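A.B. asks: These protein sequence lines map, in sequence, to chains A and B.
Just so we're aligned: the first sequence equals residues 369 to 738 in this note's numbering.
Just so we're aligned: the second sequence equals residues 369 to 738 in this note's numbering.
Keep in mind that the hints were calculated from the coordinates and are not lab data.
Be aware that a few hints might be false.
Which copy? The list can't say, so a pair holds if one copy fits it or any two copies do.
[Stated by the list, open to error] Derived lysine to aspartate or glutamate pairs resembling EDC-like cross-links, with alpha carbons at most 20 Å apart:
(1) 516 x 461
(2) 516 x 679
(3) 516 x 451
(4) 536 x 653
(5) 516 x 438
(6) 694 x 679
(7) 536 x 593
(8) 536 x 598
(9) 516 x 542
(10) 694 x 438
(11) 694 x 378
(12) 716 x 570
(13) 694 x 461
Note that this is a predicted model, so its numbers are computed, not measured.
Number of protein chains: 2
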Amino acid sequence: MQTLNVALGDRSYPIHIGPGLLGQTQWWDSVRARPLRLITDDHVARHYLAPLRTLLGLDEAAVRILTAGESQKSWEQAGAILDWLLQTHLPRDGCLIALGGGVIGDLVGFCAAIYQRGIDFVQVPTTLLAQVDSSVGGKTGINHPRGKNMIGAFHQPRLVLADTDTLKTLPRRELLAGIAEIIKYGMLGDRAFFDWIEAQLDALLALDAEAITYAVHHSCRMKAEIVARDERESGPRALLNLGHTFGHAIETHTGYGAWLHGEAVATGLCMAADLSARLGWIAPDDAQRCIALVARAGLPTVPPAGMTPGDFLQRMALDKKVAHGKLRLVLLRAIGEAVVTADFDPAKLGETLASFCSPQADPRVRTPAP
Amino acid sequence: MQTLNVALGDRSYPIHIGPGLLGQTQWWDSVRARPLRLITDDHVARHYLAPLRTLLGLDEAAVRILTAGESQKSWEQAGAILDWLLQTHLPRDGCLIALGGGVIGDLVGFCAAIYQRGIDFVQVPTTLLAQVDSSVGGKTGINHPRGKNMIGAFHQPRLVLADTDTLKTLPRRELLAGIAEIIKYGMLGDRAFFDWIEAQLDALLALDAEAITYAVHHSCRMKAEIVARDERESGPRALLNLGHTFGHAIETHTGYGAWLHGEAVATGLCMAADLSARLGWIAPDDAQRCIALVARAGLPTVPPAGMTPGDFLQRMALDKKVAHGKLRLVLLRAIGEAVVTADFDPAKLGETLASFCSPQADPRVRTPAP
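Please model the entire structure based on the sequences and the hints provided.
C.D. replies: Here it is in structure tokens:
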């Protein structure tokens, strides 16, 4: 078990990571005496709701179970949750518990952010993606037909409990999607961690408790350090979006949910590495290493069949990272050193898009630019 | 013209106060080059929209005119505004302008708080209440059938332009409602200011530019000092709610809009002063001075006919200020010295309620407890 303290002044909070945490009472000392409401989805509820309800002494009226899936991150569902909180008279010193993956965390966090102008919430992430990514940084939000996470707020949890045992019931695809984000952390800021992932990939895929705990802790720590420097995403925090601009374009193009976020990011990481190599910023071999690692993890390295460079450019132009009309991308100066820049040759972007969108593409592994 | 700088670190912003500001371009230098959207209501639009549109070069598609009234502060209207912002592709570095009273400021501020996780907004308050109160403190929000401002966020404006000339077109009732909040500032924290209001009440009611500018500036400064010490309302900020717990009960009981917020607060101020006197915390004469000033301003000093002590107690139990099941009130230790406390004799609260709710009550002026 490892604990990471996310240092954000009076909004600081601990993340506890390790196996078996959900069976232990001591983590709840700071909130258990307060009025609680728990929100989860039907998939997660099946495995983890009953023991947690018993542990916290929650009656049925204090629990809301949503249908699993990204479509729940909607304005309508957020409104229904707020209605429920008001109907059940949750006071301002009450606390929400988000038991589930990123969808539950984002949605419940958003409701906590705007209920009575902000109340506490606890995240219990049950997917690898949520454990390594959405549990740090305070980003909450919902989707809109015109874009993902277009409505939201920054709101820090009071506590995060990442029980790595919950990953045992996670569908394989979702596990891999989380691995993609871990690879992202190595690529964007820590070459030694990238090397470690290359060496430990099999242990991670086998859910070795020590390897998973280390990978989650290290990823969260990297994210926490970046977030502490830039809580509101005006500067260095954008580095965390490595692979995401390409990835969001894929997710929007395919419709939410067809590709998992982590799968889209995985392909985005490959595209960012490829573009960095075409710009001469990293060696072609380094791009190849990144793409090979993504492929070895069983993650997609090319966009869906039929998606064109035009599809990418159109979606990317709507991205939140367009400032003053100029597309900014996160690219690599080295493995372990990402930069945010609008200063790149757009012709090279065109080459990357053309190469990755080629209908003749090998569907799993790409060779980077020479 | 006076300028007040609200000091909140990287969220600091200026409030410019005085006559004629809306005809001047220089205040807009920090935002005019950015993509802008302006939201107002049909009453305000009639008087002030056209010149501001010209000044800022806004085309019709960048302006949204709502029906005037508190009912606009709804989840549905907020959703419609967010749809509009996304449909018109307002980027993250865009800026919203709220031209209107508290309803427009709260609603537009809330949309700015959650659009793409928070964008800039400018407040152009056109009511006295909005100028002295809602333009400082970053409270934004909407109503819910179960309570006022139950959904919202803290989000600071980038700039506030309080043109005191806009008060000339304000209905008399709304002007008086703003005076109530000014009296509140004297009562809660500055006896000398209370004395000044007593002396200058006629000038204020006559909209004397110098008196109004001074009163708005002084009220905003007092609020800003309190907010700077307590941005998220955990401590001293609650002092600003003097009169509000009683007032909210009246507003909820009568239905939103029947009583203006400031009218309900005016009566709440009288009730808080009365209770403070019954508790022996202030002299009966001081309570009488407060009530007499409220009455002289033409504001209501008693709750609506038919409202019972039970109505008050039921509404007050739902108030956001109930922490750990205990009702906290803002009461007076002196004129100019308010305290937040749950430590009062509930029997005295019962006496105040019984006295103010008496069906035999003189409808305008009350004598305080002996």
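A.B. asks: Decide, hint by hint, whether the structure agrees.
C.D. replies: Comparing the hints with the structure gives:
1. 516 x 461: between (30 Å within a copy, 17 Å between copies)
2. 516 x 679: within (16 Å within a copy, 44 Å between copies)
3. 516 x 451: Between. Shortest inter-copy distance 13 Å satisfies the 20 Å Cα cut-off; intra-copy 23 Å does not.
4. 536 x 653: neither (35 Å within a copy, 72 Å between copies)
5. 516 x 438: Within. Shortest intra-copy distance 10 Å satisfies the 20 Å Cα cut-off; inter-copy 31 Å does not.
6. 694 x 679: within (18 Å within a copy, 57 Å between copies)
7. 536 x 593: Neither. Shortest intra-copy (29 Å) and inter-copy (53 Å) distances fail the 20 Å Cα cut-off.
8. 536 x 598: Neither: 34 Å inside a copy, 44 Å across copies.
9. 516 x 542: within (19 Å within a copy, 41 Å between copies)
10. 694 x 438: neither (29 Å within a copy, 39 Å between copies)
11. 694 x 378: neither (36 Å within a copy, 25 Å between copies)
12. 716 x 570: neither (34 Å within a copy, 71 Å between copies)
13. 694 x 461: between (43 Å within a copy, 12 Å between copies)
Hint compliance for this structure: hints 4, 7, 8, 10, 11, 12 are broken, all remaining hints hold.
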